[in-house]
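**Student:** Could you build the full structure based on these sequences and the hints that come with them?
Take a look at the letters that make up each chain.
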Amino acid sequence: MASVDAALISRVVERFGKDPQRLMDIVREVHGELGHVSEDAVDSIAGVLGIHRVQVADMASFYSFFDREPGARYTVRLSNCVVDKMNGMQEVAAAFEKAVGVRFGQTTPDGQIGLRYTSCTGMCDQAPAALINGLVVTGIKPADVPAIVEALKREHGKVGGSVLFPNAEVQLNLRQAGPVVLGPFENGSAIRKSLALSPEQVIDEINKSKLRGRGGAGFPTGMKWSFCRKAKGRHFLICNADEGEPGTFKDRLLLTEAADLLFEGMTVAGYALGAVEGLLYLRAEYAYLWPRLEQVLSRRRRHGLLGQNIAGREGFDFDIRIQMGAGAYVCGEESALIESLEGKRGAPRDRPPYPVQRGYKLEPTSVNNVETLCCAARIMEKGADWFVKHGTRDSTGTKLLSVSGDCKHPGVYEVEYGITVDKLLQLVGGEDAQAVQVGGPSGACLAPKDYGRKISFEDMPTGGSIIVFGPKRDLLKHVLDFTEFFAEESCGWCAPCRVGTTLMKMKLEKILDGRGTASDLEELKQLGTTVKMMSRCGLGQSAANPVLTTLQNLPELYRKRITAKDFIPHFDITAAFSEQAAVTGRKFVDHEEAHA
Amino acid sequence: MSGQTVKITIDGSVVEAREGLTILQAAGEAGIYIPHLCYHKDLLPGGHCRVCTVKVNGKPINACTMVVGGGMVIENDTAELNDLRKSIIEMLFVEGNHICPGCEKSGNCELQALAYRFGMMSPRYPYLFPAKQVDGSHPNVYIDRNRCILCGRCVRSSQEKDHKRVFGFEDRGIQMRLAVDSERQLAETDLAAADKAASYCPTGSLVVKRVGWKMPVGTRKYDKEPIGSDIAGRRK
Ligand SMILES: Cc1cc2nc3c(=O)[nH]c(=O)nc-3n(C[C@H](O)[C@H](O)[C@H](O)COP(=O)(O)O)c2cc1C
Ligand code: SF4
Chain Y
1 MASVDAALIS RVVERFGKDP QRLMDIVREV HGELGHVSED AVDSIAGVLG IHRVQVADMA
61 SFYSFFDREP GARYTVRLSN CVVDKMNGMQ EVAAAFEKAV GVRFGQTTPD GQIGLRYTSC
121 TGMCDQAPAA LINGLVVTGI KPADVPAIVE ALKREHGKVG GSVLFPNAEV QLNLRQAGPV
181 VLGPFENGSA IRKSLALSPE QVIDEINKSK LRGRGGAGFP TGMKWSFCRK AKGRHFLICN
241 ADEGEPGTFK DRLLLTEAAD LLFEGMTVAG YALGAVEGLL YLRAEYAYLW PRLEQVLSRR
301 RRHGLLGQNI AGREGFDFDI RIQMGAGAYV CGEESALIES LEGKRGAPRD RPPYPVQRGY
361 KLEPTSVNNV ETLCCAARIM EKGADWFVKH GTRDSTGTKL LSVSGDCKHP GVYEVEYGIT
421 VDKLLQLVGG EDAQAVQVGG PSGACLAPKD YGRKISFEDM PTGGSIIVFG PKRDLLKHVL
481 DFTEFFAEES CGWCAPCRVG TTLMKMKLEK ILDGRGTASD LEELKQLGTT VKMMSRCGLG
541 QSAANPVLTT LQNLPELYRK RITAKDFIPH FDITAAFSEQ AAVTGRKFVD HEEAHA
Chain C
597 MSGQTVKITI DGSVVEAREG LTILQAAGEA GIYIPHLCYH KDLLPGGHCR VCTVKVNGKP
657 INACTMVVGG GMVIENDTAE LNDLRKSIIE MLFVEGNHIC PGCEKSGNCE LQALAYRFGM
717 MSPRYPYLFP AKQVDGSHPN VYIDRNRCIL CGRCVRSSQE KDHKRVFGFE DRGIQMRLAV
777 DSERQLAETD LAAADKAASY CPTGSLVVKR VGWKMPVGTR KYDKEPIGSD IAGRRK
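Protein chains in written order, with this note's numbering: chain Y, 1 to 596; chain C, 597 to 832.
Under the rule of at most 25 Å between Cα atoms (straight-line distance), these lysine-lysine pairs were calculated in the DSS-like manner:
| id | chain 1 | residue 1 | chain 2 | residue 2 |
| --- | --- | --- | --- | --- |
| 1 | Y | Lys361 | C | Lys760 |
| 2 | C | Lys805 | C | Lys760 |
| 3 | C | Lys655 | Y | Lys525 |
| 4 | Y | Lys560 | Y | Lys525 |
| 5 | Y | Lys18 | C | Lys760 |
| 6 | Y | Lys344 | C | Lys757 |
| 7 | Y | Lys408 | Y | Lys472 |
| 8 | Y | Lys210 | Y | Lys230 |
| 9 | Y | Lys472 | Y | Lys423 |
| 10 | Y | Lys525 | C | Lys651 |
| 11 | C | Lys757 | C | Lys792 |
| 12 | Y | Lys565 | Y | Lys587 |
| 13 | C | Lys820 | C | Lys810 |
| 14 | Y | Lys389 | Y | Lys208 |
| 15 | Y | Lys85 | Y | Lys408 |
| 16 | Y | Lys361 | C | Lys757 |
| 17 | Y | Lys361 | Y | Lys344 |
| 18 | C | Lys805 | C | Lys728 |
| 19 | C | Lys760 | Y | Lys344 |
| 20 | C | Lys805 | C | Lys757 |
The set of hints was computed from the structure by calculation and includes no laboratory data.
**Tutor:** What follows is the structure, encoded as structure tokens:
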């Protein structure tokens with residue numbers, strides 16, 4: 001390989017302290033310089049790090065933002081989330097193919113532009129969206145595409161610098177700020193209040209607030225911190241900013257508008273846990289936020305709110321490092337996130353042991369969602385008694401919801417726990433919804449008969465994704481989209497999820513094709529049950545939810561689609577031979593008619 | 597591991613389990629067979645196949661990784677769990693290209709043996725017919741990825757037993773595949789004929805050359821008795 005590349009790789013590896021656990025960063029930088037991670041680069045990275053090439057290849061091949069083959073100068077990654085599709089993504093894709101002259105999955109012969117699809121980019125409130133070399137482009141209409149492509153052809157796309165193409169802007173879309181998370185906040189106030197207490201007292205206050213995790217699982221935060229603190233070892237705090245659930249973008253808003261509050265919450269957690277290092281795992285799609293977040297961190301260090309002897313307290317040291325992800329939804333699962341932080345493929349671990357016992361570097365680790373940590377800071381600032389005044393008895397505080405789909409006002413809403421789906425639909429202008437997906441694809445699909453249900457841990461929990469389906473939508477198509485998403489994002493470690501998600505997808509395709517029978521519905525349910533019951537992590541355990549919840553709540557969707565026949569084979573021989581039939585000009589004989 | 601024991605219940609029988617053992621190990625000591633595939637007693641558990649899933653106090657739990665706890669009420673040999681396990685075996689059959697009648701591992705293959713044990717006639721799922729790579733480059737060992745079920749035994753045994761790193765994985769999801777520690781093929785790795793890694797494959801995917809047909813079909817391990825009989829035979 002060219003010696004210049006070898007020199008570059010040595011330099012990068014040295015800069016990360018020759019630490020194999022920083023493999024994500026090393027590969028990311030090398031990828032940034034060379035445009036892909038070649039076989040030679042894999043060898044060279046392994047050589048300098050003193051590890052095996054199979055370890056480097058294992059990790060690099062796992063993440064969708066690392067290309068193993070030479071990529072294009074500019075890669076357009078069009079978000080193919082359900083909500084993007086609802087907003088005309090397919091037309092935009094066609095416009096790109098026309099303007100660029102290649103299909104999705106291909107690169108122009110001169111290597112200038114490549115077209116790819118990518119999973120939800122967290123821009124559903126301004127869909128369709130795309131990432132062009134990391135730059136976010138939103139609200140794309142087919143008519144915008146020629147100008148974007150023209151800019152890329154003439155290299156005016158300057159990523160990171162002054163950007164010339166249209167739509168390269170992320171709207172905030174904050175529709176309703178509530179009093180708890182998004183109320184006015186004075187920097188340092190939560191830290192000072194916490195330092196007046198012992199770490200145990202801070203945990204007591206969090207316990208008193210009944211704060212539960214906002215990332216989806218809803219585990220009591222005080223309890224998590226307490227388990228972690230009590231476990232022996234070097235403690236770590238991780239903030240989960242992977243926000244990959246399709247239809248979720250509330251952490252994006254917090255990272256943009258409330259970075260100080262978040263870092264304050266992380267610092268408070270660091271104090272409570274006795275951790276000296278905090279890590280923020282930021283999804284690759286949000287790389288555009290990185291420089292600004294680093295600025296906030298520097299400012300906080302200058303103001304004595306981070307670093308050594310924080311807020312003047314002798315011996316209270318805590319700092320935060322930002323780790324970029326590289327495109328893998330499963331890395332939002334806390335143990336996969338930890339594996340990824342350690343420079344490996346994002347394969348979840350079997351639990352127990354839980355991260356609070358053995359997490360990052362096998363040390364006690366608390367993983368908390370962005371919103372959870374923001375809440376924690378507010379609780380320390382204003383007190384648990386103030387916090388529990390909001391929400392319901394078991395779901396205290398407020399929740400940030402990311403609302404998208406068929407509604408007049410998509411965006412982020414801070415609402416009190418206990419709000420009904422009905423009330424929410426009025427708020428967002430989506431009263432005519434035929435169904436609402438609460439909690440993203442991992443959540444549940446609710447029919448109008450369920451709109452009286454309350455957003456809360458005791459009734460309808462959600463990490464914050466709300467997707468509204470208007471009356472004209474073909475819901476089953478979106479069930480297929482969701483299922484495809486899980487098949488695409490399955491890490492592959494365990495058999496039921498790896499194979500089962502693909503089989504569910506095939507089954508749905510058959511039904512949507514008009515070739516499904518009543519026995520296919522039974523088999524679909526059985527398949528979904530295996531995937532749900534037998535999978536290793538939360539991804540597999542919820543991958544069948546779109547199928548299972550619609551089979552249960554909206555069975556007529558399926559019944560309308562199936563035929564009266566007893567059995568139709570999966571393999572469609574007529575379709576398989578259609579090309580040959582067209583070439584030879586011979587027609588198929590319908591076997592049933594022929595045998596009648 | 598301490599000398600203490602805890603009491604657990606498996607399918608209604610009370611079992612004294614040594615503390616620190618996994619459910620799978622404790623059941624095995626008591627002569628209770630929990631079906632498993634990617635697990636091997638010499639190796640650390642991998643958690644890939646999920647065939648050993650049992651219900652602990654009503655919740656599905658992986659038996660090869662979960663450590664016993666006093667008072668656990670475990671369901672194992674139930675119609676529901678056995679059908680779920682069977683359906684995983686069927687998934688593995690359609691995910692690859694398995695040619696049992698012509699496969700040199702037939703009769704000694706744990707995947708095939710589990711299919712027999714669960715009474716699988718043919719998979720209920722459509723075959724995926726994937727295109728897989730075969731690697732015959734090494735003088736003593738060959739890889740046929742058509743029959744690989746990604747159990748990771750070779751990956752683990754190469755590390756744990758041979759203190760090497762000949763095998764790994766690549767890619768993810770349904771594209772995930774077995775990889776070797778060289779740019780192209782097995783011959784370029786440091787795999788030696790005597791390495792233990794080649795002997796842990798439960799199927800006919802990683803096979804030592806020139807010995808496959810030594811033992812006649814019909815006289816092989818699972819030709820004689822169903823998989824798990826040795827464990828169940830230990831039951832007092
Ligand atoms: C497939 C999968 C994806 C997840 N993605 C996220 C995520 O993007 N952000 C998040 O905070 N939690 C996510 N979680 C939940 C985390 O595993 C974990 O429960 C959470 O980060 C804990 O923080 P909390 O207690 O503050 O909610 C995900 C879980 C699974 C199974
Ligand atoms: S359930 Fe899916 S994502 Fe989770 S470990 Fe298994 S294959 Fe990986």
